[in-house]
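Model the full assembly from the supplied sequences, consistent with the hints where possible.
Taken in order, these protein sequences are the chains called D and X. Just so you know, we're using numbering that gives the first Met the number 0 here: the first sequence kicks off at 0 and counts up by one. Just so you know, we're using numbering that gives the first Met the number 0 here: the second sequence kicks off at 0 and counts up by one.
Everything labelled a hint here was simulated from the structure, so no lab data went into it. Among the clues, some could well be false.
Quick list of in silico lysine to aspartate or glutamate cross-link-like pairs, EDC-like style, CA-CA up to 20 Å [to be verified]:
hint, chain 1, residue 1, chain 2, residue 2
1, D, K285, X, E28
2, X, K24, D, E360
3, D, K422, D, D4
4, X, K25, D, D299
5, D, K343, X, E205
6, X, K25, D, E353
7, D, K354, X, E28
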Amino acid sequence: MNWTDEELDQLFSDAANNATVEYNDAYWKDIEGMLPVRKKRKGLLWWMGSAGALVFFGSLLLVQVPFTNKSTFANQAVRELSNESAKQSNERLSSTVSVKENKAESTAENQQTGFNNIPIQKTNAAEVNNLPKVNQSNGNMAVKTTDESKMKSQLVQPNAQSLNPIADNSGKLIEKESPFEVQDDKLVTEVNEENISTLPLIDLYGFHQLPELISTSYKLKTRSPHALYVEVGVGMGQSPILSSENGSGMAKNYGLQFGYSHQKSKFRFSSGLGISLQQFNNVYIKERSLIYGYGVNSVDNHYRFSSLLRFEVPLSISYQMNRHILSAGMSLSFPIVSGVSYTKFIDGNISIQEKGYTSTEFFKPFGTEAQIGYAYQIGSNWEIGIKVQMQLINPIDSERIIGKTNALPLSGQMTLRKTIVFKK
Amino acid sequence: MKKEMKYTGMILLLFAMMLVSSCKKKTIEDPMTVSSPIFTATGNLGSESFLLEAGNNSVFMSTYINVSNGVQVYSGKLGNDQMEIEIGIHESNIDLEGAFSIQNLPTSLDFAALPSQPLAFLSKDLLPNSMFIQEVRWFINGVFSGVNDVEIIEPGKYNVCAEVKFLDETEATLCNDMILGFAVNASCKIRHILQSNGFLKVWLDESSTPIDHVLWYLDDVLVSENLSLDTTIDTDNHLVSANIYYQNGAHRKKSILVDGSLSGKLIDDFSVFENGSVSQMKWDNSVILKVKKNGLVYSSTAADNTSSSIQLLSLSYYGKNSAGKDVYKCIASVIVNVREGQSGAVLPLNFTTTFGLEMH
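Next up, the structure:
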């Protein structure tokens, strides 16, 4: 059975509205022993290091690096259910049982822990840190929760296994099972405890110290396939001139792209505009002339092209597997301006020395690049990746430039891409 | 959508800035053309051929104006340590200020040759009051040249001074300019009468061309602008000078020393001696050529070049030299004999050249 977003939304909404669970301290003691240790978030540095290693080992381009950081998701115990198990879970969810306790019995406990004798729904212990805040109103409150993106917050339904719908990156909802289940007013678990370290609940999350809970409503929405993106890149590559007589054969590359992308199933089509800056130091014009007159003077003109700024029109298609994205594409480029430094020698002595920009008459008026890339989605709208580009047209267009030209210069870039999804 | 618009605007602004910054561009010069030597000379000296190219083999073209015997010689020198050719062209119409014009150069130029006889003979005995003179010491261009009798051989414009010692041991000095071996466009004699009452009348006689005006100086003081000078002097010696401006543009200065005591201790205008050389050779626009090769110096003036000539094929302005003077480039064909100074050997020299000459 396939659930639509609207059906799931309605299902969670109904379940949340009908479910009222009164607080029982015994639950918390049970939960406390089963809480996983919250791993330290390693942050962006880890990703930069991983990406750098990927660049260094270019062969890993086509290798899917497994994601091992358990701290990315709080709910590490969640596992995907098969369609069958999801169906079963949903059936159990539809028959949610309200567990009520004697209000008088719970008063003392609640006062001790700071709760105001509120019948609440307990959440999955593994998701306590993501528990939606509860608005205090009339002392009694029901938590109605759905998550349109990650659905980190999940309700634990006594006597029912909570369904944990999560949207993947393509906007498709996946169903995940909560590891907790309440049977006969006691919490039982299906979690493999080998992977979970335990800490006292109050030390880790201070849940008992929470003065209040705030209720927030979430609506499930599918992700729009239309998006804008901004991509910056930096990398190294081969200079248009092979010879290193006048400098390094390597070049630095910087790129900035802006465009539109469209998601179709696991494929994404991107097109946009961009600029790229290539910096090199071995592209020279060196010319000498003897000026005869009363004697002779040697005049040397040295032009060193230091950079080339290009306007780009990138086109790419990407295939996404979970958070791994493989891409291939083409790019048309049009040189705009090139940086140049000019030195004039007369009889070996510097006569003129200046820097500036000049036209791109010494470069091909257009270029074509083929590229392949790999990216990892580090957030719902952020990707970091690498790509390898190859110029398909020799960029040098003048015999005045000395040295052997590099007909197919290669370059690589690390990229960071920000996607701005259109709102539906 | 507001967020998307913000990103779009930001990126477009960035593109616009990049495009604007690329508008101011430096132009890269076209490839420099391969130039070739400009000043060259190629030909034969005797049986040996030579090739001189300024810029190659340390050959250099230098240009200058040489002053020889008071006359400007527009010159150039092309060569290196092994061989060197020097060519000079004498100015013409040296008594006409600013009369020389590069455009007036004839296409065929003669070589300057030394005269077989002196151009001028300066002698005490030729002075009209020689009977009152004990001795005359001659100075040419400030250099003592002899006593009583002196010969001037080479053409030029000379400043000749006569230091006269009279019989009574008194001395007086008079200087005059003399043009010898060059065309003289105006000439005249300065004459005077001194009366016993001290009245002095000085005038110009036998003028070859109409006089425009005259400035008279008595003891270096301007006293009159008339064609003749009428004045009164005392019994001392007085220097009377006339700056004569002829209608054809010629300018001469003549001086006499007047004896106010009427005892014959005067010095008349001895520049009249130049008139005797008028019919002789003229070095106007004549060419002198020297060749240095292997330490030997060959000169055209010492050889017989009556049938030699230099043909100017073209003459055009080239530019300024390092001294800021104008240089003209002449293409010429030269056939000349040169004589080595020590051995007296005469060698035929023929060559074609593109030569530089400083002129003004």
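Each hint tested on the structure:
1. K285/D to E28/X: The given pair, whose Cα atoms are some 12 Å apart, holds under the 20 Å limit.
2. K24/X to E360/D: Roughly 12 Å separates the two Cα atoms, so the pair holds.
3. K422/D to D4/D: holds, 16 Å
4. K25/X to D299/D: holds, 18 Å
5. K343/D to E205/X: violated, 67 Å
6. K25/X to E353/D: At roughly 10 Å apart (the allowed maximum being 20 Å), E353/D and K25/X satisfy the hint.
7. K354/D to E28/X: holds, 14 Å
Taken one by one, the earlier hints fail for this structure only at number 5.
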